[in-house]
Amino acid sequence: MSRFYLHQQIANGVIEDPDGTEAVDLAAAKHEAILAARQLLANAILTGVAPLGTAFQITNEAGQMLLKVPFRDALPARFISTD
Amino acid sequence: MPHPTQSFVRNGLLSVIDAAAYAAIGPHLEPVDLPKGTVLIEAGEPFTHAHFFNSGIGSIVVSTADSRRVEAGIFGREGLSGFGCLLGVDQCPQTTMVQVEGEGYRVSIDGLRAACQEAASLRETLLRYVHVFISQTSYTSLSNVNQSVEGRLARWLLMCHDRVTGDDIALTHEFLSIMLAVQRPSVTTALHMIEGYGFIKARRGHITILDRDALIDFADGMYGTPEAEYRRLIGPFS
Chain S
1 MSRFYLHQQI ANGVIEDPDG TEAVDLAAAK HEAILAARQL LANAILTGVA PLGTAFQITN
61 EAGQMLLKVP FRDALPARFI STD
Chain P
1001 MPHPTQSFVR NGLLSVIDAA AYAAIGPHLE PVDLPKGTVL IEAGEPFTHA HFFNSGIGSI
1061 VVSTADSRRV EAGIFGREGL SGFGCLLGVD QCPQTTMVQV EGEGYRVSID GLRAACQEAA
1121 SLRETLLRYV HVFISQTSYT SLSNVNQSVE GRLARWLLMC HDRVTGDDIA LTHEFLSIML
1181 AVQRPSVTTA LHMIEGYGFI KARRGHITIL DRDALIDFAD GMYGTPEAEY RRLIGPFS
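Going down the list, the sequences are from chains S and P. Residue 58 in the working numbering sits at position 58 of the first sequence, with consecutive numbering throughout. Residue 1024 in the working numbering sits at position 24 of the second sequence, with consecutive numbering throughout.
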């Protein structure tokens, strides 16, 4: 298990993840980021308030950026088709 | 065995009951510390003791076999744990644990039942508390299906604020995520929003309430009714 941090990229900065989360590997951390993004988007849709965030920046304990997960990756493909 | 005099106890139920009720329950009270994380009632295990809190916060949590969980209700110095024994049952499917450390009194289930037999006014007050607790869980249910994460968080912070001394509440994002049954980033974002409105100050593992009235407005009618029921039926609340 390693500790991963899911920092949230917003328009004018970053909402820091203060505590981080334990996950077996980066793929598991990415899965968590996808689930979290879905919940944030669902809450934004329910309230009609645009979500603050646009992506998660996954870092390790040393603060190294490992992966960016755009919120759009959390949506079913049909939601973002243009027709 | 020496036991605390009624004027000394800070638990809301123990301090409002009449003299006959206190005479019945007083001899059964044993002072206890309530460290954070202590499990007071294990789901599916027989009740052994009820706990009257003087301080701290207890949390009643329901979970599935695969560890999905949500908090069903909270209580502090206004209430007690283990009230299922008053309803004639010996165990329950929820877990009760200490979420903010405190202290209080424990009483054996047999002692509590005997005291309730002896003093009808004690039983009546405690059953009114059960009613208030059911009101709280009803509003929690209403809030869970109708409110945004930030609205639910606001309500929940108010309920914690009622049960601590001062304006600081020691809680991690991880813990909040379990209590509200949302992912941690939802808690972080909701705290960020509420802090942005100036209602709270959030630091690591720590939340300070800055504008309680604004939080109540923000909770949009979901906070306040169970608390009013307590004041109407039992006595002073927080």
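If you are wondering where the hints come from, they were derived from the structure by calculation, not from laboratory data. A hint or two may mislead.
[Unchecked claim] Take a look, some chain P residues computed to stay more than 10 angstroms from chain S by CB distance:
#1 Pro1002
#2 Ser1148
#3 Pro1185
#4 Thr1188
#5 Gly1205
#6 Gly1221
#7 Pro1236
[To be verified] If we take Cβ atoms under 7 angstroms as the criterion, some of the chain P residues that face chain S in the derived model are:
#8 Arg1113
#9 His1173
#10 Ile1178
#11 Gln1183
#12 Ser1186
#13 His1192
#14 Glu1195
Just so you know, these numbers come straight off a predicted model, no measurement behind them. The beta-carbon is built from N, C-alpha and C at its ideal position, and this holds for glycine as well.
The hints, checked one at a time:
At roughly 44 angstroms, the least C-beta separation between Pro1002(P) and chain S is larger than 10 angstroms, which holds for a residue marked as non-interface. The Cβ of Ser1148(P) sits about 4 angstroms from the closest Cβ of chain S, inside the 10 angstroms cut-off, so the non-interface label is violated. The beta carbon of Pro1185(P) sits about 4 angstroms from the closest Cβ of chain S, which is not more than 10 angstroms, so the claim that it is off the interface is violated. The non-interface label for Thr1188(P) is inconsistent with chain S: the shortest C-beta to C-beta separation is roughly 6 angstroms, within 10 angstroms.
Its closest Cβ contact with chain S, about 8 angstroms, brings Gly1205(P) to no more than 10 angstroms, contrary to its assignment away from the interface. Under the 10 angstroms C-beta cut-off, the non-interface status given to Gly1221(P) relative to chain S holds; the minimum distance is some 16 angstroms. For Pro1236(P), the non-interface assignment is confirmed: its Cβ lies about 35 angstroms from the closest Cβ of chain S, beyond the 10 angstroms cut-off. For Arg1113(P), the shortest C-beta to C-beta distance to chain S is roughly 43 angstroms, which exceeds 7 angstroms, and the interface hint is violated.
With its C-beta approaching chain S no nearer than about 6 angstroms, His1173(P) sits inside the 7 angstroms limit, and its interface hint holds. With 7 angstroms as the threshold, the beta carbon of Ile1178(P) stays out of range of chain S, its nearest partner Cβ sitting at about 13 angstroms, so the hint is violated. Checking Gln1183(P) against chain S by beta carbon gives a least distance of about 4 angstroms; that is within 7 angstroms, so the hint holds. Given hint, Ser1186(P) at the interface with chain S, holds; its Cβ is 5 angstroms from that chain's nearest Cβ, closer than 7 angstroms.
The interface hint given for His1192(P) is met, as the beta carbon of that residue sits about 5 angstroms from the closest beta carbon of chain S, less than 7 angstroms. Here the hint on Glu1195(P) is broken, as its CB sits about 10 angstroms from the closest CB of chain S, past 7 angstroms.
The structure fails to meet hints 2, 3, 4, 5, 8, 10 and 14 from the earlier list, while all remaining hints are met.
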